Amino acid sequence: MVFMNKTLGRHLREAVKSLGRNAWMSIASISAVTVTLLLVGTFLVIMMNLNNIASNIEEDVEITVLIDRTADQNAQNQLESKLKNLEKVENVQFSSKDQELEKLIKSFGEKGESFKLFEQDNPLNDVFIVKTKVPEDTPVVAEEIKKMRYVENVQYAEETVKKLFEVVNVSRNIGIVLIIGLVFTAMFLISNTIKITIFARRREIEIMKLVGATNWFIRWPFFLEGLFLGALGAVIPITVLVVSYNSLVNIAVPYIQGSFVELLPFSPFVFQISAILLLIGVLIGIWGSLMSVRKFLKV
Amino acid sequence: MRRNIGVVFQDFKLLPKLTVYENVAFALEVIGENPKNIKKKVLNVLDLVQLKHKARSFPDELSGGEQQRVSIARSIVNNPPVIIADEPTGNLDPETSWEIMRLLEEINNRGTTVLMATHNKVIVNTIRKRVIAIEDGKIVRDEARGEYGLYE
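Quick mapping for you: the protein sequence lines, in order, are chains G and R. In terms of this note's numbering, the numbers along the first sequence are unbroken and rise by one, the last being 299. In terms of this note's numbering, the numbers along the second sequence are unbroken and rise by one, the last being 1152.
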């Protein structure tokens, strides 16, 4: 590190020169990083979206309390205050049967038109939508509400949610394992390719040491070279990711609107992923190059 | 430690992809010398070994003697108190060897200790400097104006 600031210019020059001199090897390393980061990026996008959906659903766990049709306004108000007084309940919302029908029609999209027939004679109940403070309390609260008067039935999606969480967890673990595997493969490939370029310069390194170069003086150009390889390897994946996620959002959003599935918005998300990919690329490159120089510094 | 000692090798050990100038300058870059001084010092020392006109040539464009002179220039460019020369004439013909020896002598006259290993009998006998003979890692002879030993 010692002479870094004084000779940084020289090291940069050397690194760029070396990239050009070993053009084919550089291209090989860059493509290794590119392929890895493409896969890692895709996994990251899928995983983070799954996560997002899962936590959306977790937030959406709510109890639908169907109010008995015989209940008058007074009974309804009583029920509402009773629900609100429950300790674990966060809020209670009233939704008339007309509103419920509207929601139903909306959720079916274009096919929902056929439900409009029911507008004449609505078979649905007026409902209270109850949200608990903690999603895990949902079953307990639901049982409690079921016992109250003027409650016809109680609906909640606990089972589905549980299953969904299991699926998300399993796929997340698989994703992490795959990503780690891929990253290691890329590191291995890069350190090998750099090793080959260094092998050709073994004599050079030996002479450098004999003339009195410190290890860091020799290492810096390779360090920077690895950094550039990683960063260049990240360019294509990031571009692909930005473009394809943009079009994915544009195409998919109209279809899935209104359903519980929701894509993360383009703006902060894609840039976060890009930064992560760039960081992974650079780290892979640096690690790969340092690993391969290490051997040749022992003269 | 390598920075306080200049080393000259039998096989020159010049960087093949650098020019003569760059090879000599490298020894200074390595120790973080500032660029202005580098130019001055390198040109000075190339002048001393009479290779200023070849500054832009690459090592493989030079003869063996010239390459060895570049190597010497590199070893003295940062003014070390001691130069170690490991058979500097081993790969050269007798004529060129003398050129190198004259150069080393001149460097010596400027106040730098030159420690040289050699098996060249003629050189040792002619130049008449302090001779140390080593056998099996032990000093067996140390003479102020010695000759090449008969048994060696």
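If you're looking for bench data, these hints aren't it; they were derived computationally from the structure. Treat the numbers as computed from the prediction; the structure is a model and nothing was measured. Here a beta-carbon is modelled for each residue, glycine too, at the ideal position from N, C-alpha and C. It cannot be assumed that every hint is accurate.
[Said to hold, decoys possible] Capping the alpha-carbon separation at 25 Å, the derived lysine-lysine pairs in PhoX-like fashion look like this:
| # | chain 1 | residue 1 | chain 2 | residue 2 |
| --- | --- | --- | --- | --- |
| 1 | G | 162 | G | 17 |
| 2 | G | 133 | G | 84 |
| 3 | G | 116 | G | 131 |
| 4 | G | 162 | G | 146 |
| 5 | G | 17 | R | 1121 |
| 6 | R | 1040 | G | 209 |
| 7 | R | 1017 | G | 298 |
| 8 | G | 17 | R | 1129 |
| 9 | G | 82 | G | 147 |
| 10 | R | 1054 | R | 1039 |
| 11 | R | 1039 | G | 17 |
| 12 | R | 1041 | G | 209 |
| 13 | G | 209 | R | 1013 |
| 14 | G | 295 | R | 1013 |
| 15 | G | 195 | R | 1039 |
| 16 | R | 1052 | R | 1040 |
[Said to hold, decoys possible] Label-pair ranges, simulated between beta-carbon atoms:
| # | chain 1 | residue 1 | chain 2 | residue 2 | range |
| --- | --- | --- | --- | --- | --- |
| 17 | R | 1040 | G | 290 | 57 to 63 Å |
| 18 | R | 1037 | G | 216 | 35 to 41 Å |
| 19 | G | 177 | R | 1082 | 54 to 60 Å |
| 20 | G | 275 | R | 1111 | 41 to 47 Å |
| 21 | R | 1087 | G | 240 | 22 to 28 Å |
| 22 | R | 1011 | G | 184 | 37 to 43 Å |
| 23 | R | 1037 | G | 290 | 27 to 33 Å |
| 24 | R | 1087 | G | 298 | 21 to 27 Å |
| 25 | R | 1146 | G | 298 | 36 to 42 Å |
| 26 | R | 1125 | G | 210 | 16 to 22 Å |
| 27 | R | 1137 | G | 298 | 22 to 28 Å |
| 28 | R | 1125 | G | 290 | 37 to 43 Å |
| 29 | G | 298 | R | 1003 | 18 to 24 Å |
| 30 | R | 1091 | G | 275 | 34 to 40 Å |
Right, here's what the structure says about each hint:
1. G:162 <-> G:17: At roughly 57 Å apart (the allowed maximum being 25 Å), residue 17 of chain G and residue 162 of chain G break the hint.
2. G:133 <-> G:84: Holds: residue 133 of chain G and residue 84 of chain G sit about 12 Å apart, inside 25 Å.
3. G:116 <-> G:131: 29 Å, violated
4. G:162 <-> G:146: Measuring from Cα to Cα gives roughly 21 Å; hence the hint holds.
5. G:17 <-> R:1121: 46 Å, violated
6. R:1040 <-> G:209: 24 Å, holds
7. R:1017 <-> G:298: 22 Å, holds
8. G:17 <-> R:1129: Given pair residue 17 of chain G, residue 1129 of chain R is violated - Cα atoms ~47 Å apart, limit 25 Å.
9. G:82 <-> G:147: Measuring from Cα to Cα gives roughly 12 Å; hence the hint holds.
10. R:1054 <-> R:1039: Holds: residue 1054 of chain R and residue 1039 of chain R sit about 15 Å apart, inside 25 Å.
11. R:1039 <-> G:17: Holds, at roughly 22 Å.
12. R:1041 <-> G:209: 21 Å, holds
13. G:209 <-> R:1013: Status holds; Cα separation ~11 Å.
14. G:295 <-> R:1013: Given that 25 Å is the threshold and the Cα spacing comes to 20 Å, the pair holds.
15. G:195 <-> R:1039: Not satisfied, since the Cα-Cα distance of roughly 33 Å exceeds 25 Å.
16. R:1052 <-> R:1040: 12 Å, holds
17. R:1040 <-> G:290: 57 to 63 Å: For residue 1040 of chain R and residue 290 of chain G the Cβ distance comes to about 36 Å; the hint is violated.
18. R:1037 <-> G:216: 35 to 41 Å: With Cβ atoms ~22 Å apart, the hint is violated.
19. G:177 <-> R:1082: 54 to 60 Å: 59 Å, holds
20. G:275 <-> R:1111: 41 to 47 Å: For residue 275 of chain G and residue 1111 of chain R the Cβ distance comes to about 59 Å; the hint is violated.
21. R:1087 <-> G:240: 22 to 28 Å: 59 Å, violated
22. R:1011 <-> G:184: 37 to 43 Å: 41 Å, holds
23. R:1037 <-> G:290: 27 to 33 Å: 31 Å, holds
24. R:1087 <-> G:298: 21 to 27 Å: Cβ of residue 1087 of chain R to Cβ of residue 298 of chain G: about 25 Å, so the range 21 to 27 Å holds.
25. R:1146 <-> G:298: 36 to 42 Å: 38 Å, holds
26. R:1125 <-> G:210: 16 to 22 Å: 31 Å, violated
27. R:1137 <-> G:298: 22 to 28 Å: 24 Å, holds
28. R:1125 <-> G:290: 37 to 43 Å: Hint violated: Cβ distance 52 Å, outside 37 to 43 Å.
29. G:298 <-> R:1003: 18 to 24 Å: Since the Cβ atoms of residue 298 of chain G and residue 1003 of chain R sit about 19 Å apart, the hinted range of 18 to 24 Å holds.
30. R:1091 <-> G:275: 34 to 40 Å: 56 Å, violated
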